[in-house]
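Asker: Letter by letter, the chains look like this.
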Amino acid sequence: SQQGEEDPQALSIQEGENATMNCSYKTSINNLQWYRQNSGRGLVHLILIRSNEREKHSGRLRVTLDTSKKSSSLLITASRAADTASYFCVGGFQKLVFGTGTRLLVSP
Amino acid sequence: GAVVSQHPSWVICKSGTSVKIECRSLDFQATTMFWYRQFPKQSLMLMATSNEGSKATYEQGVEKDKFLINHASLTLSTLTVTSAHPEDSSFYICSASSPQGRAEAFFGQGTRLTVV
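Order-wise, the sequence lines are chains A and B.
Mapping of the first sequence onto the numbering used here: position 48 corresponds to residue 1467, and the numbering continues sequentially without gaps.
Mapping of the second sequence onto the numbering used here: position 35 corresponds to residue 62, and the numbering continues sequentially without gaps.
Bound conformation, chain A alone:
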């Protein structure tokens, strides 16, 4: 598994705005995943992008992957208060090692 490092550590926006979170990793990966964790809860898988993909969409989520820069970004469009959570990126397969995440706060 490949630990990702998310940036920024914290992000505060208003409802309706877009939120962009970045992720960097150190070694080659076959895929990169993004997870969300609401406060005091388990993690929820959001989206997986494979190493041969550059961009992927799922609803209001858009993920990009740049393997040459070993980086990824997660864009949440038209954010809602319910998007308030911590977001983690991680590379690899099943046994996942997590970074510190980005804490997103969406204010009404």
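Keep in mind that the hints are not guaranteed to be accurate.
Stated by the list, open to error - Below, simulated DMTMM-like cross-link-like pairs (lysine to aspartate or glutamate); rule was C-alpha separation at most 25 Å, straight line: (1) B:41 - B:92; (2) B:47 - B:92; (3) A:1514 - B:54; (4) B:68 - A:1434; (5) B:68 - A:1424; (6) B:68 - A:1472; (7) A:1445 - B:86.
The set of hints was computed from the structure by calculation and includes no laboratory data.
The hints should help you fit chain B onto chain A, whose structure is shown.
Answerer: Only chain B this time, still in chain A's reference frame:
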């Protein structure tokens, strides 16, 4: 999607007692489950890999005699915190490897342990 249920959601226990946390895969068989620990506003720390029918594999620095893991069936792994102390108070989360060998993991809801 695959569902993982973790129980209890929260528990308060006295110092010196043991606490058992259960992690169940409800609609699929999980030969491998993972246990994490999370302190407030910090990331998840992988504690151990639980393998059905064999001994768990612990990460460096995790005391195997302190955190007993049993994976007796394809749908159940348990973590027992033995002789708990206040410093064991934390949020414990389990995950199960996806069926059909997919990459994504499915997480339980977590257990908030408070040792008083």
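Asker: All the hints need checking, so say for each whether the structure fits it.
Answerer: Status of the hints after comparison with the structure:
The suggested pairing of residue 41 (chain B) with residue 92 (chain B) holds, with an alpha-carbon distance near 19 Å, which does not exceed 25 Å. Our distance criterion of 25 Å between C-alpha atoms is met by residue 47 (chain B) and residue 92 (chain B), whose separation comes to about 14 Å. Distance restraint check for residue 1514 (chain A) and residue 54 (chain B): the Cα-Cα separation of roughly 20 Å lies within the 25 Å cut-off, and the hinted pair is therefore satisfied. Only pairs whose Cα atoms come within 25 Å are accepted, and residue 68 (chain B) paired with residue 1434 (chain A) is accepted, the gap being roughly 23 Å.
At most 25 Å may separate the alpha-carbon atoms for a hinted pair to count; residue 68 (chain B) and residue 1424 (chain A) meet this at roughly 15 Å. A hinted pair counts as satisfied when its Cα atoms are at most 25 Å apart, and residue 68 (chain B) with residue 1472 (chain A) does not qualify at roughly 32 Å. A threshold of 25 Å between alpha carbons decides the hint, and for residue 1445 (chain A) with residue 86 (chain B) the separation of about 21 Å falls inside it, so the pair holds.
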